[in-house]
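Chains S and Z supply the protein sequences, listed in that same order. First residue of the first sequence? That's 105 in this note's numbering, and the numbers climb one at a time after it. First residue of the second sequence? That's 4 in this note's numbering, and the numbers climb one at a time after it.
With a straight-line cut-off of 25 Å between C-alpha atoms, the simulated BS3-like cross-links for lysine-lysine are:
| no. | chain 1 | residue 1 | chain 2 | residue 2 |
| --- | --- | --- | --- | --- |
| 1 | S | K226 | Z | K237 |
| 2 | Z | K274 | S | K226 |
| 3 | Z | K194 | S | K226 |
| 4 | S | K229 | Z | K190 |
No lab work stands behind these hints, which were simulated from the structure alone.
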Amino acid sequence: MKRFRIPFAALAACLAVSTAWAAPGTVLRNDKLYAQPSAAATVAGSVAKGANVEVLSKQGGWLRVTAGRTTGWIRLLSVRVGAGGLGGAGIGDVVGAATTKSDPSRVVAVAGLRGLNDEELKTAKFNPEEMARLEAQGVSGAQARSFASQGGLAAASVPALPGPEPKQSSSSWGNN
Amino acid sequence: MKARWLVIALALTAASTQANAFDLGKILEERINKELDKKDKSKQPQQPAQTAPAQQPATTQNAAANPPPAKQKIDARQLGFALFGDYSLEDENRIGHQIAGNLLGAVSLVRDDALQRYVNLVGNWVALQSGRSDVTWRFGVLDTEDINAFAAPGGYVFVTKGLYRLLDNEAELAGVLGHEIAHVTQKHHLKVLKQSTLIGALGQAASNKAQGSDQIVQNLIGNGAEIMARGLDKEAEFEADRIGMVFAARAGYDPWGLPTVLQDMAGLPAKDERTSLLYKTHPHPADRLAALGEAVGGRMDNVRGKDLPDRFYRIK
Ligand SMILES: [Zn+2]
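Construct all of the structure, not just a fragment, from the sequences and the given hints.
This is the structure in structure tokens:
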């Protein structure tokens, strides 16, 4: 079932077994490395956008990484785990090549599995039977609330995140 | 430009108060021809929707005070939603119902009642934090290895089996559903429909006076479920990531579920056919991580939540 898991997930699995395992990663924005997974901890160093790091472990919103000779904790969203570099169209091709080369089993796992395509969606006709099934599967708000409390979930007050400021695209060193 | 809109606003108002006093179809045809003409002349057509709100309040009030007569050949309200301001909740539900039903014509639901119920329970709980209680939220897992998720107006949310397989705990599912729920609360697809099909909808309404309302909605959304393959603009996707992460956190989940799924997707081989539609309709996961990182910074540092890996329903 988990044969499709990819580097990041594999990282978590491998770490449970061995701390010697590491995954490559690329820094997505200028950020700091901390001695502990907390912005209140001592700053161990800084990394710049585009820098390569070795990802050693994950804890909540933090990754433990080695950049050059410095090892420390960096925010999860400041690094892309995997071999794809800064990402975006085109660059991603490198990922595929690199991953399939290092893990031949992946080729087998992925072969023959195709996704949805435009044509299927364009020619799709309304399916009343499936819609009835969808409606029948619906649950009430009361059921959802009781399900949440069974799992120990409670609604929390979390402020909305700000949208991007116009004209301010690149991150600064002190923005955390 | 403004003057022309005023003319149409007055024409519509008049038409809805005095049935058949104007040949509305003809007015619309002229209007459409003008729009098409303008489009030919400049590649960058002006957005009529941005000019419209100036006249909107008066028009909607008039329409409300004087509901259009039932026998009118063209339902002015049908046109009203394209011309002036927002879709009504009823319009939204009809549009979403049609899109969802068409999507289910392309791919059916996974035949696993326990899975579908589980996803509906998690989804409804997250949706309860969204502030949108005027729609009935419905969630479904689609029986395809494609890695994707979809939202349609009116509260329809789908994840594919392929994406579901990437998930490892309930917080990750909540993050993915939160992103789709945000598309609905922000009415992202309705905004696209308003911009891209304004002219088409007018033309359709003017030329198919006898058609049923389902057909009008179908013509509005295009062929089948192709709107799902068209995608939204990047900013809408980044916004859905920001809002979805917050919805999941408000539901008591670990906020890092969605970022973790994005990391997983970023690690997939680029040539994987299961992600071709996803990458056509969404920015690359690495770009989404970077954009989300800019917004989050240290804002989630003190937010604690649950992962619930043990309760997570695993597909056989
Ligand atoms: Zn999206």
